[in-house]
Structures are given as C-alpha cells and as structure tokens.
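S.K.: What follows is the residue order along each chain.
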Amino acid sequence: MNPLAGPATPHRGGATVEFQHVTKRYGPDTAGAGAVNDLSLLVPAGKICVLVGPSGCGKTTSLKMVNRLIEPTSGRILIDGADVVAEEPTALRRRIGYVIQQVGLFPHQTIGENVATVPRLLGWAPARQRERTDELLALIGLEPALHRDRYPYQLSGGERQRVGVARALAADPPVMLMDEPFGAVDPIVRERLQNEFLRLQEGLAKTILFVTHDIDEAIKMGDLVAVMHSGGTLARFGTPSEILADPASDFVARFVGADRGLKRLSLTRVRDVPLAPALTARPGGDAADARSRVAADPFGHLLLVDPLDRPIGWLDPRKLPVSGTLEASMAVPMSPLLEPETTLKDALSMLLDASVQAGIAVDAEGRVLGLLTVDVIAGLLNRR
Amino acid sequence: MSGWDWIAAHLDDIAAATRDHVVLTIVAVGVGFAISFALALLIHRDRRAYAPVTAVAGLLYTIPSLALFAFLVPITGLSLLTAEIGLVSYTLLILVRNIVAGLDAVPPEAREAAAGMGYSALGRLLRVELPLALPVIVAGLRIATVTTIGLVMVTALIGEGGLGQVMLRGFTLQNYTAVYVGTAISIGLAVVADLLLLGALRLATPWRRALER
Numbered sequence: 001m002n003p004l005a006g007p008a009t010p011h012r013g014g015a016t017v018e019f020q021h022v023t024k025r026y027g028p029d030t031a032g033a034g035a036v037n038d039l040s041l042l043v044p045a046g047k048i049c050v051l052v053g054p055s056g057c058g059k060t061t062s063l064k065m066v067n068r069l070i071e072p073t074s075g076r077i078l079i080d081g082a083d084v085v086a087e088e089p090t091a092l093r094r095r096i097g098y099v100i101q102q103v104g105l106f107p108h109q110t111i112g113e114n115v116a117t118v119p120r121l122l123g124w125a126p127a128r129q130r131e132r133t134d135e136l137l138a139l140i141g142l143e144p145a146l147h148r149d150r151y152p153y154q155l156s157g158g159e160r161q162r163v164g165v166a167r168a169l170a171a172d173p174p175v176m177l178m179d180e181p182f183g184a185v186d187p188i189v190r191e192r193l194q195n196e197f198l199r200l201q202e203g204l205a206k207t208i209l210f211v212t213h214d215i216d217e218a219i220k221m222g223d224l225v226a227v228m229h230s231g232g233t234l235a236r237f238g239t240p241s242e243i244l245a246d247p248a249s250d251f252v253a254r255f256v257g258a259d260r261g262l263k264r265l266s267l268t269r270v271r272d273v274p275l276a277p278a279l280t281a282r283p284g285g286d287a288a289d290a291r292s293r294v295a296a297d298p299f300g301h302l303l304l305v306d307p308l309d310r311p312i313g314w315l316d317p318r319k320l321p322v323s324g325t326l327e328a329s330m331a332v333p334m335s336p337l338l339e340p341e342t343t344l345k346d347a348l349s350m351l352l353d354a355s356v357q358a359g360i361a362v363d364a365e366g367r368v369l370g371l372l373t374v375d376v377i378a379g380l381l382n383r384r
Numbered sequence: 385m386s387g388w389d390w391i392a393a394h395l396d397d398i399a400a401a402t403r404d405h406v407v408l409t410i411v412a413v414g415v416g417f418a419i420s421f422a423l424a425l426l427i428h429r430d431r432r433a434y435a436p437v438t439a440v441a442g443l444l445y446t447i448p449s450l451a452l453f454a455f456l457v458p459i460t461g462l463s464l465l466t467a468e469i470g471l472v473s474y475t476l477l478i479l480v481r482n483i484v485a486g487l488d489a490v491p492p493e494a495r496e497a498a499a500g501m502g503y504s505a506l507g508r509l510l511r512v513e514l515p516l517a518l519p520v521i522v523a524g525l526r527i528a529t530v531t532t533i534g535l536v537m538v539t540a541l542i543g544e545g546g547l548g549q550v551m552l553r554g555f556t557l558q559n560y561t562a563v564y565v566g567t568a569i570s571i572g573l574a575v576v577a578d579l580l581l582l583g584a585l586r587l588a589t590p591w592r593r594a595l596e597r
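Taken in sequence, the protein lines are chains A and B.
Counting from 1, one number per residue, gives the positions in the first sequence under this note's numbering.
Counting from 385, one number per residue, gives the positions in the second sequence under this note's numbering.
Read the hints as simulated data drawn from the structure, not as lab findings.
Keep in mind that this is a model prediction, so the values were computed, not measured.
Take the hints with a grain of salt, since some may be wrong.
[Claimed, not checked] To be clear about the criterion: a stretch of chain A counts as covered by chain B if any three or more of its residues have a C-beta under 8 Å from a C-beta of chain B, and this derived list gives those stretches:
(1) 194 to 205
(2) 282 to 288
[To be verified] Computed far set for chain B versus chain A, every beta-carbon distance over 10 Å:
(3) Ser-386
(4) Thr-438
(5) Leu-443
(6) Leu-464
(7) Ala-498
(8) Leu-516
(9) Ile-542
(10) Val-563
(11) Ala-577
The beta carbon of each residue, even a glycine, is placed where N, CA and C say it ideally should be.
For reference, chain A alone in the conformation it holds in the complex:
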C-alpha cells in the first residue's frame, strides 16, 4: 500500500479481531501471573471490547499479543482474517494504535513530533504530517498553534493522556489497543476523558481492545466486556447488560460486585433520559421579571447563564432583589455539570457528593441542555 495515498481525514471503520485458542505460558506453571489459557473471542469491527479482571489475569498479555510485543505459546490472532504472525512486527505495529497507562510520550519531542510518530515512521511527506498533527490536536481539543511546539512536561496529566490517544490515532489505524489509558489521572479528569473518547469513537468506529481492572469503566466503555479470571481464562464474554443481568458464575458475580442493580445505572447515559427544562436568566436581566417566573415554576430555582447559555450559578429566589438588574455576583456555587455521555451512576454519585437535588446537563460547548434531578434517577431505579 502506498502510504502517501491514505486519507487525510479520519475515516470510519475498524477491522475484526479474533483470538483463536490463544495460550501464553511463562514457564511450566500454566497459571502463573500474566499467563493466558485458551482464550477465544471475536471482536466485531468498530466495537469496543474491554478486557477486565484482577491483576495477573493475563488481560495485558492478551493485548500485547495482538501487536506482537508478546508472542503466544500457541493459538492464533487474526485481524480481518489475517494471522498477525504473517506480518513483520514493526509493520504490524504501525497499523495498530497503542495507548498505555503511563502514556509514554517521548519527553524529548514536542507534542507535534510525538503525534506524528507513526506517520514519520511510515514516511509521510512533512507537510502531510503537519496537517494530520494539527487535525488530531484540534480533534482532542488542544489548540494546535498553542500546543504543537510544547514539550510533554508542559502539559497536565489529562492533556498528556489526550495526546497519547492522538498519537495512537495518527495513521488512522483500524485497530487500537488501549492499556488502562485513563488510569493515571484523577477520577474527575478520567470521567471527562472517557466521555470525550466515547464521543470520538462515535465518529471513528475503530475496533478497540481496552484493558482495565475497573469494572465500572468496563461497563461504561465496552460494547462487549470480557471478564478474565486469574490463570488467564475467560470467565464471561458479553454485552455489559448481559453480564450485569446474568453473571453466570460466582467469580463474575463477585467481581461485578453486590451493587449490580446500581451498576445498571451505568448502562444509561444522561442523553438517554428526559431532562427537565432549566429556568434561566442572564446577568443584566430584570430582577422583578425573574422573581415572578421563579414563583410560577414548580422546581423553584433560577439558573444564571452567560450570553452563550453556559451556566454561571444558581440564584436563590429568596435573595433576589425586588427590582433592578441581575448580576453575576449574586450567583451561588453550582451543581455538578453533567455531559450527555455521563452515566446515570456517575451522575447520581456526583449529585450525592455535592448534596444537591439536580445536576446541570451541558453539551460539548458547555451550553445548558436541561436539568437532571435525583427524582428522575430514582424513578428509573424503581422501574427495574
């Protein structure tokens, strides 16, 4: 294939990945840490398959056998029907995206150089590398002009993780391997990165193998979840709702946890539920008008938003001036901001943490979409 002929923009589409009776032994002991025992599974093109299990269950080993950083003892791994051992390891790896927990950005290269790693290895023309790099930085929400020439140490942990994802996407690989890609950042940043990645994946439809030890992350990210048992055997393979509804074994039930009912909230996202309309006002608006509108509203809270509809904070109706105009300084601290991709489980936990009745759902630009109340979530729980 002529590397110069590839598309300049990300195109949709992945490849199927199939494990056929794959076994990896370290020494004579078949159940040693990191070993894999007769793993067979098929990941359809364009799906996210999460490998999850306790440490030493062989999930990372399984991942690394796909790009041949580890060679299986027996069995085959096929990408779109072709055995991975048929190809030179370096050529194979250049068409498989790879993201690791510690990110592994090259500290001596700029962000732009890091992102262009695989295109450079593939011999793309410099102009095309630059174009692709800027496109990817914009895609992950980093202004290219500001970040292209900076070094990894000048970025926050979350930004570095994003750059790691951009670097893996650079040559538009059909398959991505992600080993705890959001493991090294704090829970709030992780939640945002997960949402961003799911949003990206909607447009990209890559085939993704994703390793985590966190069952909540597995349920949230996976179209399919493979629960692995220590000793490297596959304990359960199915969609998140299948696994939550029927763990099928004590091990999986224990691993999934006693709060299975609550976890099913992870399968529903903010965008899937009806949001209550938010009563809003802008700084400079008429206070008397705002008072009368709040009085007529059953929820009885007024949200102050900026001219672009982005929330500033709540206005306490009892403290509103009788006349005059509204000001940003009157707003009190905000409820948690929920994104359309946020799961109801995360939303509920954020609302409980903040001790508020309602979260503010915002779109990717931060504009108010509506309110999600604890009552709505509780209503969904009762229906199950």
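Please arrange chain B on chain A, whose structure you already have, making use of the hints.
M.R.: Frame of chain A, contents of chain B only:
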C-alpha cells in the same frame, strides 16, 4: 629576563604546546568514547557483559599513570601511540558507566511506547533512547575530558605532553614562569572544554529547559 619577557619571547612555543595538548585530549576522548560506546551497546543488549567490561576498565583505571607508561614504553616506544593508549584507557571506565547509566535512565514507558508504535530496534536506539540518555552521557564526557586534560601533562615524561612539556622544562630550568603558564593554560582549557560540552548539551536538549523552568 622577567616573566612577561619570557612569555613574549615564547608565544609560538606556548601556542604550539597548547595545540598539541588539545589534539592529544580530543583524540584520547574521541577514541575512548568510540570504544566505550561500542562496549556500552554490548552491555545494553546483554547485561552479562557489564561485570567483565567494568572489571577490566576499572583495573585499567586503577593502574597509576606512570606505571602504565613504564609498562607500555618497551612495547610501543616513546611515542604518541603510547601516550594515547594510556589516555584512552583512563576514559573507558567513566564513559562506559555513564553511557550505560544513561540508557538505563530512559523511562521504560517511552521505550515500550516506541516498540508498540513500530520503531525498529535501531530506530528506537537512535531516535528515542540515545536522545534521552544524552544528559547522563554528556556528564560522563565532561568528567572524562577534564580528567584527560590533566593526564596529558604526565605524558610529557614520554616525550609528548603538550603543556606538560612547557612545565617540565620550566621545572628543569627552574623557570617558574613556564610552570605557571603551563598550569594556567591547562586549567583554562579544562574550564573551556567543560563549558563547551555543557553548552552543547543545552543546545541539544531544549526539552530539558522546559523541565527546569
């Protein structure tokens, strides 16, 4: 004849001796680096080579310089070769250790990412590992260079020595101006060489400036 008059009368000699001193040093550090680099790569590929290589380099390092030259003269004569063999052997321990330490200090995640992204073994070494090892490698080069500038003096005893010759003659003729001139210039050379290497490192590693801020 006052000291300044002596200097004025011998400017050509002093310049020639300084030039010799610099050449002896550059050849010694250059050859020493080439040998050490090859040995360090061997160790990087196979750890079992580390103990024997550093044992031999360490043994060379502990032989007193005069004894080493006394041992070599019957074989290679009072020659430039003898001087360089001695000087090169003293650089090996420092350079091998620092190159290996530099390669060891490469973050394992950068190495793993490079492999996973499809770098060949050579490409990974040249584009990822060596650039990241550079600060530690240059630290070794600085020590080796400054040490060698001092050791070149000793080779005056076998007819080389650069500024060592100037000093040796000064001692013999009780001309302390010559001794001071030799000392001052060699100290100056060491300082300049050290600063040049440090400056080159800073130019070659812009990513560390970002780190220091």
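S.K.: Is the Cβ of Ser-386(B) farther than 10 Å from every Cβ of chain A?
M.R.: holds, 55 Å
S.K.: According to a criterion of three or more residues whose C-beta lies within less than 8 Å of a C-beta of chain B, is the region 194 to 205 of chain A covered?
M.R.: violated (count 0)
S.K.: Quick one: work out the minimum CB distance from Leu-464(B) to chain A and report holds if it exceeds 10 Å, violated otherwise.
M.R.: holds, 39 Å
S.K.: Would you check whether the claim that Leu-516(B) is not at the interface survives, using Cβ distances to chain A and the 10 Å cut-off?
M.R.: violated, 6 Å
S.K.: Are all C-beta atoms of chain A more than 10 Å from that of Ala-498(B)?
M.R.: Contrary to the label, Ala-498(B) does not stay out of reach of chain A, its closest Cβ about 7 Å off (not over 10 Å).
S.K.: Compute the least Cβ-Cβ separation between Thr-438(B) and chain A, then decide whether it is above 10 Å.
M.R.: holds, 27 Å
S.K.: Leu-443(B) clear of chain A by more than 10 Å, beta carbon to beta carbon?
M.R.: holds, 35 Å
S.K.: Would the non-interface assignment of Val-563(B) survive a Cβ cutoff of 10 Å against chain A?
M.R.: holds, 46 Å
S.K.: Hey, does Ala-577(B) actually stay past 10 Å from chain A on C-beta?
M.R.: Correct as stated: the minimum Cβ-Cβ distance to chain A is 25 Å, above 10 Å.
S.K.: For the region 282 to 288 of chain A, do at least 3 residues have a Cβ located nearer than 8 Å to some Cβ of chain B?
M.R.: Check failed, 0 qualifying residues.
S.K.: Is Ile-542(B) truly not at the interface, in the sense that its beta carbon sits beyond 10 Å from all beta carbons of chain A?
M.R.: holds, 43 Å
Violation of the numbered hints given earlier is confined to hints 1, 2, 7 and 8; the remaining hints are satisfied by the structure.
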